[in-house]
Amino acid sequence: MTNSLNKVIPLKQAIEQYVKNGSHISIGGFTLNRNPMAAVYEIIRQNIHDLHLYAHSNGTGLDELIGAGCISKLEIAYAGIGKAAPTCIRFAKAIQNNEIIFEDYSNYMMSLRFMAGSMGVPFLPTLSGIGSDILSKWGFSKSMRKSDPKIVDEKLKIIDNPFGTWTGASKVVLVPAINPDITIIHVQKADAMGTCSIQGLPFADIEQVKASKNVIVTCEKLVDKEELRLNPDLNQIPFIHVSAVCHIPLGAYPSAVFGHYDYDSQYLRQYAIAAKDQDKNQDKFKKYQDKYIYGVKDHEAFLNIVGQERIDAIKADPRTGYAVNMKRD
Amino acid sequence: METIQPYTPKEIMTIMAAREIKNGDIVFSGTGISMLAAMAAKNINAPDSVIFFETGAIDSLLEELPFAVADPRIMYWAASNSRLTDSFATMQNPITGQRVIAILGAAQIDVYGNLNTTCIGDYFSPEIRFSGSGGGCDVASFVPRCIAFMQHEKRKFVKKLDYLTSPGQLGGGNSRIAAGLRPGGVSAVVTNLGLMRIDKDTGKMYLDKFYPGITPEKILENTEFIMDVSKATQADPPTQTELKILREECDPQRLILG
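Residue numbers (my numbering), protein chains in the order written: chain U, 1 to 329; chain Z, 1001 to 1258.
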């Protein structure tokens, strides 16, 4: 976003500055991998609400945000946290109880929408979903779409292939671009200017970042510019897209960061048990949030409660990038 | 002639799906039993098949079974850790796309092989909300051959889906092509009771194989829609070799086989 040489600021300040009530936001990662959890928990602590979240396949970050009441509108392809919650629990509850407005797309459609946003084109075409209810059922009503200038008038469009039957396609589906106000990702390495090096699968983080008006990067390692410039081929995100850099070791915990740590299946299972709780008297979910989110001042304090034992248990093996023979619930 | 070994429903399902995979296929896999089927095929009948995940990892060295398609276990020793957009491109690429076979799961399937992974009940106010399409709709739209893995129950084999997430043959006959999709979608359905296929002309599901000990009548009892069982024959049970490889090489800890 800016070319300033040093964009390093505390996470609390970055969230205050870039995430507002009503912001359109996307978060990086996929289900239980590289979710920017430190930032998610900070958004919850700052009680930011009425967020409009764009997601392809989100997991633990999405479910925490919904569980804390931060999200009012959602455009999504998939919500799940692996074995702990094949369907995100608070996501399902919010839809079943009519607490959020939601719109379903496919993963490819959402990825293309971010890509269109990153390219500055109004839409990209796909051959996905023809004949499905993704095309016919709209979660956002036409009137709601018309009344909100930040939401495109139509969910998608199906048109005849303007090039006849070139490549054998008679019709194409057009999916509209997304340009979030803010995207937050967590990466292995960044420098103070915001250049990022992601190890393992990048998912759609690069498209999400490049589509976004502002970008917060949280990183495992804050490294010297020289270290990243020695191997530019390994850097997927140049600094020009980035607004703020926050150095947060274990910033994706309890989701995984390839080469650094695994997902904590034990934490995720405990989360799922608390999130599922129906008993108002016990209120396990509120107790969970009070203990791990509201009751701590930042991610470091959160990790202190989690404890060194868990952190040691998920430490990645340098050869494989994950915790070999880790007990997985 | 090998003697028939006792086996579990999960084991026969895995072997039946593995037999669908041909040598050289590029296997789009989810996690759980579908990934085990892909691994079994690679170890038994299709050594040159390649496993890939919608998250973008291709031909990973799966020293440990991943529990999610974003599990860091799939990122190790892959040919490429590519972007999400690349994995869907692989399925549509005119050269590689034709070699792709996908394995999918669903909450509901209809007689035309259309799938629901979105909700039970009204879409806007559902009784049960599921995870949603993920890449399922994309895969069913793009991939020429798809295997659906299902538990065979009446509430899952339904006359009408509560939500059509992933297109199969839509309304049957030529309707998939007429709507504008390329040929593809679910072509085989592997359940705990038998193997169904989609008829190329009618686009309707028929019973191809029932497992030893299961009758076509039992399968019909567990299917809400009308299904042709006239061509059905008994499936060959898993061989000793297939079971040995599945148990000893693919899932020695029985993480998925249970």
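If you are wondering where the hints come from, they were derived from the structure by calculation, not from laboratory data. Computed from a prediction, not measured in an experiment: that's the story for all the values here. There could be a bad hint or two in this list.
What the hints assert, rightly or not - If you want the ones that stay clear, here's a sample from chain U, every Cβ over 12 Å from chain Z, calculated:
| no. | residue |
| --- | --- |
| 1 | 17 |
| 2 | 79 |
| 3 | 84 |
| 4 | 88 |
| 5 | 158 |
| 6 | 160 |
| 7 | 228 |
| 8 | 236 |
| 9 | 256 |
| 10 | 290 |
| 11 | 293 |
| 12 | 312 |
| 13 | 326 |
Said to hold, decoys possible - Simulated crosslink set (DSSO-like; lysine-lysine; CA at most 30 Å straight-line):
| no. | chain 1 | residue 1 | chain 2 | residue 2 |
| --- | --- | --- | --- | --- |
| 14 | U | 12 | U | 221 |
| 15 | U | 157 | U | 83 |
| 16 | U | 146 | U | 157 |
| 17 | Z | 1010 | U | 171 |
| 18 | U | 297 | U | 12 |
| 19 | U | 137 | Z | 1154 |
| 20 | U | 93 | Z | 1156 |
| 21 | U | 83 | Z | 1156 |
| 22 | U | 20 | U | 327 |
| 23 | Z | 1160 | U | 137 |
| 24 | Z | 1159 | Z | 1200 |
| 25 | U | 83 | Z | 1010 |
| 26 | U | 327 | Z | 1244 |
| 27 | U | 83 | U | 284 |
| 28 | Z | 1010 | U | 276 |
Ideal placement from N, C-alpha and C gives every residue a C-beta, glycine not left out.
For each hint given before, does the structure comply? Return the numbers of the non-compliant ones in rising order.
2, 3, 4, 5, 6, 8, 9, 13, 15, 17, 22
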